[in-house]
Amino acid sequence: MRKPLGALIARAVREHGVDILLLAECGDPEKDLLATLQAETSLKWLRLSRSADKVQLFTHLPQQNWHQSHSENRMAIWKVGLGQPPGILLAAIHFVDKRSESEDGQMLLAAELAKEIVRLEDAVGFQRTVVVGDLNMNPFEKGLTGATTVHAVMTQQIAQRKTRIVQESEYRFFYNPMWGFFGDRTAGPPGTYYYASGTTAQFWHIFDQVLFRPELMNKLRELKILDCIAGVSLLSKRGIPNANDYSDHLPLLFQLDLD
Amino acid sequence: MDDTIPNLWPEQFRINVQTPLTILRIQAQYLGKVTRGILQGVVETETAKDRVQHRLVVVAPALTSRHTLIRAIHSAQWPYPAEVQAEGLKKPDHAGLASSISLAGLQERVYPTANDDDEMQQLLRKAFGSESTRALISSLLAQCNELFAASQTKNGSNENFVDSGV
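Residue numbers (numbering that gives the first Met the number 0), protein chains in the order written: chain R, 0 to 258; chain C, 0 to 165.
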């Protein structure tokens, strides 16, 4: 049985000064996680998601700053009063995995997400949007790169064009900085998830991602894949995520300067 | 017609069969009626390759929030069979899993499939009556009522937003 992770998570939260904690596929979080977070940080933490939600959202920011604008078990979009007005939109996602759904099925969910984000951006009148979560697709897959899906591109230079017209329809870009984390020529681990099977194996995947609309991409101050928390390695002796003791996914840490 | 050869077609074939999209659109309209306009239903459609997805979305205008309640997914060419995805339709063993799981290369569906409009309607009835749907609709109605009550108090009126029949 996996060790309880509450204390380790709380240490990571304190170590990095986390304001918003998102946990995917964590089941019903440990009942004392809020108390553990509070004890570790001396801040009052709230759990804003429903128990059925695939991504559990915790924060110490005031509850009145949060408004859930779209929900479905696998995706929730929040309008958050954070930093300079008008704040941001935060989409917390856990897409269905590849063992459970075909590429088409993943693309349908991605198209659904893209449509709901655009609808909400139009309603609130701004596009300061962040998408974060376990997308269960790599950055290069159609569900993330397609114009009718999330439309996330690998460079800020492309994203700063803001939109692209495809077959007479205009589609907004996301910037996906996770492209830059593949392999061993970058700082940190080669991906967030390791899976080796079949005749063609990629071994390391980056399923855990954070995407930004062009309006926010210049606000990104820090982004890394964590393989260590408070001196505790999250990797096994083989150098891959230690699923037995911690998680089969490595956590992401990102910081936005919104002031 | 040669009377010596019997009709081998099953009797349940009807000619007035409706597509999943039509059925969802009608149910979306009913949601507005049964909640007296506090909530609205809309149907959204997405496509990917050769698959089409229709979603029944519950809209709470007072809360400016939307909630995807049910998805019906079928091929772009044929409306049936349609997989019907809703929290209340998950097979008990698969709570928490996705639409299907792979077992020895075979896909075992987690959500049920409708092969005609009768089955589609039966599945929607089951999903609408499920605990998760009742909890969602009740939560939204309660939040709308609370919002309106606060607004009425602010404006100096004591009238209820929703009468006792809802």
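It cannot be assumed that every hint is accurate.
Stretches of chain C that chain R covers, calculated by requiring three or more beta carbons in the stretch to come under 8 Å of a beta carbon on chain R [to be verified]:
no., stretch
1, 31-41
2, 110-122
3, 141-149
If you want the ones that stay clear, here's a sample from chain C, every Cβ over 12 Å from chain R, calculated [said to hold, decoys possible]:
no., residue
4, T3
5, P9
6, Q28
7, A47
8, I72
9, Y79
10, Q84
11, E86
12, S138
13, K153
14, N154
Rather than coming from a laboratory, the hints here were simulated on the basis of the structure.
Here a beta-carbon is modelled for each residue, glycine too, at the ideal position from N, C-alpha and C.
A quick look at each hint next to the structure:
1. 31-41: violated (count 0)
2. 110-122: With 0 residues closer than 8 Å to chain R, the stretch 110-122 of chain C misses the three-residue bar; violated.
3. 141-149: That given contact is violated, which follows from only 0 residues of the stretch 141-149 of chain C lying within Cβ reach (below 8 Å) of chain R.
4. T3: holds (47 Å)
5. P9: The claim stands: P9/C keeps its Cβ more than 12 Å from every Cβ of chain R (closest is about 31 Å).
6. Q28: Holds, because the least Cβ-Cβ distance between Q28/C and chain R comes to about 20 Å, which exceeds 12 Å.
7. A47: Since the minimum Cβ distance to chain R is about 4 Å, A47/C lies within 12 Å and the statement is violated.
8. I72: Check fails; 7 Å does not lie beyond 12 Å.
9. Y79: holds (17 Å)
10. Q84: About 10 Å separates Q84/C from the closest Cβ of chain R, which leaves it inside 12 Å; violated.
11. E86: Its Cβ does come within 12 Å of chain R, the nearest being 6 Å, so this is violated.
12. S138: Non-interface label on S138/C violated, nearest chain R Cβ at 9 Å vs cutoff 12 Å.
13. K153: holds (16 Å)
14. N154: Nearest chain R Cβ is 21 Å from N154/C, so the label holds.
This entry does not satisfy hints 1, 2, 3, 7, 8, 10, 11 and 12, going by the numbered hints stated previously.
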